[in-house]
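Asks: Given the coordinates of chain A, assemble chains B and C onto it according to the supplied hints.
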Amino acid sequence: MPPALAAHPMTPSPMDPSRASAPAAPLESDAPLTVEVRGLTKSFLEEGRGEVRAVDGIDFTCRAGEVFGLLGANGAGKTTTLRMLSTVLRPTAGTARVLGHDAETDGEAVRRSLGFHSASTALYPRLTAGETLDFFARVNRLDPSKVKPRVDALIERFGIGEYADARVEKLSSGMKQKVAIARTLAHDPPVLIFDEPTVGLDVLNAIALLEVVEELRAEGRTVIYSSHIMSEAERLCDRIAVLHRGRILAMGTLDELRDATGLHYLQDIFVHYVKAAEA
Amino acid sequence: MNTLGTLVRYELLQLVRDTRTILLAVVLPAVLLPGILVIGNLTTEADEERVRDTSIGVAFLGSDSGWARSLVERAGTVPDSLVGDPLSMTFHEGPAADSLIGADGLQLLVRAEGPDDRGLPSLEVRYRASSDLSRSAADRLSARLERVRVALRDSLYAAGGLPVDPAAVLPVRTTNVAAAGREAGALLGTFLLPLLVAMMLTGGSLVAADTLSGEKERGTLETLLTTAVSRNEVVAAKGLAIALVALVMTVLNVANLGVWVGFGLMEIPAALDVSLTPGGLGALFLLLLPVVALLSAVLLLVSGWAKTYREYQLWFAPVFLLMLLPSAAAALPGLELRSAVVLLPVANVALAMRDVLAGRGDLLFGALAFVVTSGAAVWASSAARSTLSTERMLADSAADRAEFLGGPALFPYRVLRWFGLMWVVLLGLSLAFGERLGIRGQVLVNLLGLFLGASVLMLRRYRLPVREALALRPVHPLVWPAVLVGAPSGFVVGIGLAEITGVFLPVPPQVLEAFGQFLLPEGMGLVQLVLLLAVLPGITEEIAFRGLLLHGLRRRLKPWALCLVVGGIFGLFHVSLFRILPTAYLGTMLALVTILTGSLFPAMLWHALNNAVALLPVAAGWVAPDMALPPWAWPLAALGLAASFWTLRRVGAGYPGVTRPEGGG
Amino acid sequence: MAFLRDLRVLYLRELRSALRERSIVVNGILIPIFLYPFLLWAMFTAMTFVEGQAEGFVSRVVVPDAGPLPALVTALESRSDVRLDDADVAPDSLDARLARGDLDAVVRFESDAGGLLADNPTVRIAYDRAESRSRRAAERIEAVVDSLRARRLMAEATGLGLDTVGLRVFALDTENVATNREAGRLILALMVPLFLTLMVALGCFIPAVDTTAGERERSTWETLWTTGVSRGSVVLAKYLLVATMGVVAGMLNVLAISVALGCIIAPLAGDRAADLALGLPLQAVPVMLAVSVLLALLFAALMMVLAAFARTFKEGQAMVTPAYYLALAPLLLSGSPDRGLTPALSLVPVANVTLGLKDAILGRGDTGLLLTAFAVNAALVVVCLALARSLVVREEVVTGAFEGSFWSWLRSRRRTSPSTPNP
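Protein chains in written order, with this note's numbering: chain A, 1 to 279; chain B, 1001 to 1665; chain C, 2001 to 2423.
If you're looking for bench data, these hints aren't it; they were derived computationally from the structure.
Where a beta carbon is used, it is the ideal one built from N, C-alpha and C, also for glycine.
Just so you know, nobody snuck in bad clues.
Here are the simulated distance ranges between beta carbons:
id	chain 1	residue 1	chain 2	residue 2	range
1	B	1066	C	2102	55 to 61 angstroms
2	B	1230	C	2095	56 to 62 angstroms
3	B	1481	C	2020	49 to 55 angstroms
4	C	2086	B	1086	48 to 54 angstroms
5	B	1120	C	2146	16 to 22 angstroms
Keeping only pairs whose Cα atoms sit at most 30 angstroms apart, straight-line, the calculated DSS-like set for lysine-lysine is:
id	chain 1	residue 1	chain 2	residue 2
6	A	146	A	176
7	A	170	A	146
8	B	1558	B	1307
9	A	170	A	148
10	A	176	B	1307
11	B	1307	A	170
Next up, chain A with everything else stripped away, as it sits in the complex (with noise of 0.2 angstroms):
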């Protein structure tokens, strides 16, 4: 099945004839499918309660150079999402397959093919900064020849030269965010995840962010965005998907979901999708 969709780069994600409303996301572009999503599902057995579907098969995919949009309360299901396309988590059911490597089997080839940023992916408080790099360069497999050059190569980017021989738990907050941001791209993937990034940030660290990511769309790679934050949504993501209670409700581009839904600001359109789903 995967491989007969990754050949028709048109075909629009499948959908459930339940979900109807939700507008179907044609991206009207040639540029090569890196991430399928197909029947994601993720569920926990609890005592006393029985079998929780946190995430209930949800399908979507994201294309090189576009930043895709995950839009959803809290516990609606974004962070089981990324962390079954990041192999942290094995899906229930359903396939996540990253630049082709099914997340299940080859476990391996997709994590080094992305870099993971979220809230709760710290840093070694007692490596350097310049040291950290290293380390996540080295353990994401780059070839070692290259480590340095793309460590230094960074350093200049992120503007970390200059406290990249300090201790991480001696960094102010912006700069670690810096290191932690530097440290997602050290093995150069083509696609990374950011998780709710800009948790806790002040806004000018926020806004140094959605730069960075912008950056990243321009040279081509491919950026899952997962918020809550709707002027984020609105202000990066090609495509946007609204997930609730571990379901997609709906999916498109920002002037699609304002087409099906003749609203115009996005938190307004959420809260339609939201509320159509409680009714």
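Replies: Only chains B and C this time, still in chain A's reference frame:
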């Protein structure tokens, strides 16, 4: 390989940068502990010196104190070289009584009585054991008095015309064929491994405390798991780092001791002059490797199990003790490597190392010890790897949620605690009152008071649905004949298994006996016997163990582990060492019966039948207690047991929430 | 009054959260209750097992030539724990078999050179001292020869017409006048002070770190500082909680030890079990209470002063470790029951009160010295509390400056004069 190197290198780098830990956990103890030892030794020496040098106050009592005094005076003149320790005495005049011993300079009371009806006078040295001085004085004085007695006897013999010294009659000379090095090796072998294990555990813990639990706490573990490294690499790298630091710390500790010895602040007993061949040294090193691997893997497992640094520390103390205990196996005299102990990880290496040190290495069993302990290390590593599953990390938060919800959801997380408490109560009761209660009282207190009482408490406390928690379900009619065949067959198979094991591995005879026998209470009628020792345990023990314990653990363990754990805990509740294995065997079978049928009733019948089969034939006088079973009984019983479990598997409904185990028996 | 009310509210809050903290409950309550019975049980069963094993060994003995003393072979044969092996193997290889461990002992005879007494060979036992079962074999053979010798001497005496009773000269006996109660108290006097000190320190350890560094790590520290209660009452409530946990741990431990010892020693002592009184003497109970409270107050103050600087639980633990070593101080004094409190020792903190407790359990000791010991520790508590007070009024400590270190605070103190205390 490259990645592994990077992981280990950075792991060590981070440890070295943790100066505070290094300073307080490494440097401080290294300086303080030998100091404490030295001061402790000094005070002990001072005490010993005081005991030796103090003049002992002696008073006399009894009808013949003049005679006694002359003997004691003569004892004082026995040369120190003959008895070892010096003794100086001062004699107290005036009244003397036992109550005065140990105070006011009086340490001993010598009571002399005139000749008894056989014509033998007697001397009694009275002392107070709660005073070092008095006890040691009594030892020294009686040793000297014995010398005096022998000298007097010898002079009587000489006067009577015995041509030789009485001591020269049938003289005994011993020749020790052990070389000095071997003897020292045997001594060193008794404590070398526990010492090394303690050092390695504390050393390895420096890394382990911070490695998985600390990374989880700081959130760096998730970062690491989203990189291209595999979980196997993470476990290997961290295990390697723990092992490396454990080894380095051990070497440092030994060197530290060496420095203290070098400065003459601590003494090494002269008896520890071990000579080892290079081959022996190599063998010791090889034997140590699986232990290092196992310790590192276990520490990593604890670290992976714990969610935070402090939780790790909580688990560390019991794990430390648990690993230290088997390593001390060589200190137990009479424990041989060529026995069942070879199957016990760490303990087997302890014995193998002792044998090598004593110059009596056993290649085959040494290799077996190596393999067994290595196997344990592999198991611990794979268990450590499974703690990296994110599902488990999320399951932990399920435990927190259960705490919030309370009731039945909380019960699985509390059930082991309850049984731990019950075990302590049982142990206390049986040790404190066991004798006094008698078997009737014990049965009633344990079965009705403890097992049934605690079960009722658990049912109420967690608001458990009784029918479901105790698996009170009807079963297929074919289950009953299967149980009727299975219970006696299982009993006989148990005896057979124990004896077969005994052929390959020496098993203490008490264990063999325990499989076949019950302590037969005296003066109990048959009806009472059946009621108290078969029917009642069948009901109450099943309610507690195959009912609540199994219910509580059913989702937390795989079926085979569930059977073994329920059986093992059941075994531990039969406090006597030699009853543990047989009872665990029975408990495992009963758990399997319950899981297969999904009901507690068959297990109750099986249990009662088992006890009745074990008790009745002997109690009723149908057979002699030491009757041997005919050889055809065992295959027949094995067949019966297999048929029984096959039937249970075919017709049993299965225990809800537990996947059915593969295969039976 | 408002202060006391605040204190009560704060103390109860601390107590509640301490009792919900797993590591505190485990270390302070569960370990003292569960660990000792388990360890003693394990030791006891292992001992029974090993004793059975060692006793059960049959000694394999070879007597290559029984000629000179056939009675020895007869006597050895009659023992069930000795097996006489065939000697038909070449005698030279016997020592080799012995060294390999296939044999436990070889008995040979040497004829008496003097020849003054007929049939009096020297019994030569070859054994391997490195092997416990070989040692045991040699012991068993020596015991057999000893009884043969005694019989032989009696026979000689009868032959010579000597008075066999007179030859025994006198009967010698030793008798311990200490009662079972005293024996029980001795055991308690040696163990209780040691374990009490260790457990009080262990009981204080985690609460001390948790209520200071732990709070800072969880960021509840500042929440507390911003409430309307005074800093003094906050600190005092925490301090009292830590001390309470120390006393609870110490007391539970003494209880568990006494019960466990009673359970384990009793079966070991056999018939005397019923009388072996392992109860503390009544007059020692108030001393024990006072000692545990004093120690708890001291450890709590010391540990909290050290932990107050730490930013994380882990850091706090490292900081407090040195104070924990203080609890090992009583170990320095040897286990001799005779060593009691002396004027010089009464000035050594921690060790002095444990010695005082030992004296009290043994029913001896000088009240004046005990009071001196109490006073010394109490003075130390006051010093620590004064130090703690001067700490909490300083903003840098409250906000977690000094990189979590007591020493960098000391250094900074030397450089700058103290800042004005907060009202």
